[in-house]
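> Produce the entire structure from the sequences given, and follow the hints as far as they go.
Spelled out, the chains give:
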Amino acid sequence: MIDIIETFLAEKGIYMMTFILMGLGIFGMVSSGNYMKKIMCMNIMQVSIIFFFLALGQKEHGTLPVVVENLLGADAYINPLPHALMLTAIVVSLGTTGVALALLMKIKEIYGSIEEEDITGKRWKK
Amino acid sequence: MNLFFISHIPVLIVVIPLCAAVLCPLLSRLSPSLGKRTVIVFLFVVFVLSLIQLAGIVQSGEAVHYYLGGWEPPYGVEFVIDGVNGIIIVLVSFIGAMTALFSSPFEEADKNAPFKSAGYYSILCFLVIGLLGIASTGDAFNLYVFMEIVALSGYGLIAIGEEKGPIAAFRYLLTGTIGASMYLLGIGFLYSATGTLNMADLAVRLQRVDNLPLIAIAMACLIVGFGIKMALFPLHGWQPAAHSYAHPAADPMIAGVMIKIPAYAMFRFFFCIFDSSLPMMKTIFNIIGIMAVLGILYGSLKALRYDKYNKILAYSSIGQVGYIALGFAIGNFYGIAGAVFHILSHAFMKTGLFYTSAAFKYRYGIHYTDRLGQVYRKMPVTCGALVVLALSMIGLPPFAGFFGKWYLALGAIQNGQYLYVAVLIISSLLSAIYFFRIFEKMFMGEKTVSEPAAPEEYYGYGKLTGKTEVPLQMLIPIVSAALMIIALGLGNSFIVNGILRTTIMEVL
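Chains as they are written, first to last, in the numbering used here: chain A, 1 to 126; chain B, 127 to 634.
Just so you know, the hints here were simulated from the structure itself, not pulled from any lab data. These figures come from a predicted structure and were not determined experimentally. Incorrect hints may appear among the rest.
[Claimed, not checked] Computed footprint of chain B on chain A; a stretch qualifies when at least three of its residues, placed anywhere within it, have a C-beta under 8 Å from a C-beta of chain B:
| # | segment |
| --- | --- |
| 1 | 7-13 |
| 2 | 23-36 |
| 3 | 43-53 |
| 4 | 69-78 |
| 5 | 84-92 |
For each residue, glycine too, the CB sits at the ideal point set by N, CA and C.
Below, the structure written as structure tokens:
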């Protein structure tokens, strides 16, 4: 039994971690009443997807995909494409966070608060 | 030289508005109206180019492939334009150019802020770029980037709208980011199974993948991702506020086109990439069908509840997006053709209706339908267009809205799914109710429409200038939307059989 759990964690453990992280992010976005916290949870969710892609590109005994001396076979290098994709995704998430913060400043200007219950006037927690 | 130019049209369609978006703030420093005019002219150039491209595709009957930077797929990014997305590119560039033209009176009302208006045109241009990019691209990750360009510029245009704009934009940002992340996760699963991101290559390699749970999870992620972006029923939470409070001039583009293009992307994934013989495909289509049916009923019923013109239109959009999803759920030729035709016709209808809504706001500051009394005496052309567009929304025969529903119903009957036909009829009746309520207010309202007491509520100055109809820059888009509805309705057979048939038959 322990063997099964150990092999599962060794093979799929990193993916489980990313999905737990993603679940935490979405849960936080839904449950927290403060808009700043919502943005933080959004970032946690985005980071979890970046981890997912990076874990895909990884393999055992692989090295950096840079040719230093002589070219080795494809087995010797890790897959660089997920890393390149995630650089783009990081830029996108940076842009999203920037726009979110700008909107938050505007909301603070209009409503004087960034708490959900102050803005909507509804107290639905507890 | 001429041939060289023609062969680069697919990328020029995306690059020309990009130039305009970057140039606009710079040129506005020189002269306030120069940047704006550049954007309008460049977008009209794009419209002409997209027409040339579509004509070429219809003539040759083959898809156009453009390799960016000369890198051949599956290693490089490619643009693939066939009948379905060729016509969608024409739609986006036409409405984009019209909306840029439509916006200019709003900006002139705000004379002392040239740089602010330059920012507006720049963001509008980025929105058009993103939509054109989603429609053109043949690469799954490239689609994600364009989707985020659309989303980010959409947040900006919603936030600069009315007072509740920033909060609506913020909510949309949170929900939209979940949608985009889900899409990214979905293509992550597909990439892990196939090692490619090119759509045509994905379709070939997925046939060799026998890990069915993985494909099912990827499909679920994609349904959630596209569902949020196109406001499909249980995932529509952001949509009514975002469509009601966006900037009135940009609202036609946001409400009319921004939710249709993810629907097109859904078509690309579920029919061109996934193999239709997969065992879970029937379940997936049934789930989409249930979402669509519930969305149609929910949107139509909810639209009855509101007096605010924009809210009625926004909730009716939830129902209309349901029609498109219903076409995908039906899944045969008539279903898909009906869905694509409905993407076209509903884009013009909803854009046109939001143009009229913005026209009422511009001249009289009207947000609620009960203030529309006798407005047809003051704004006859706008109201005439509104009647055409609303009748098309209800689905009366000579107009385009009818033919979209007709093809959907044909497809449903062919598959024996009579529930879908019943839902189509019920929702048409419900939309008749809420549009006839608007007609009643417009033509038979007792209180005659008048300028509001507070001038900051509206943009135009009808009382000061003695004019009652909106300026020409706004009339051209309104009338052209109504004319396009009639043209689409009369030319429906050419569009479905001449343009869409070859592409759809290939993927079935």
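> Any of the earlier hints contradicted here, and which numbers?
1 and 4
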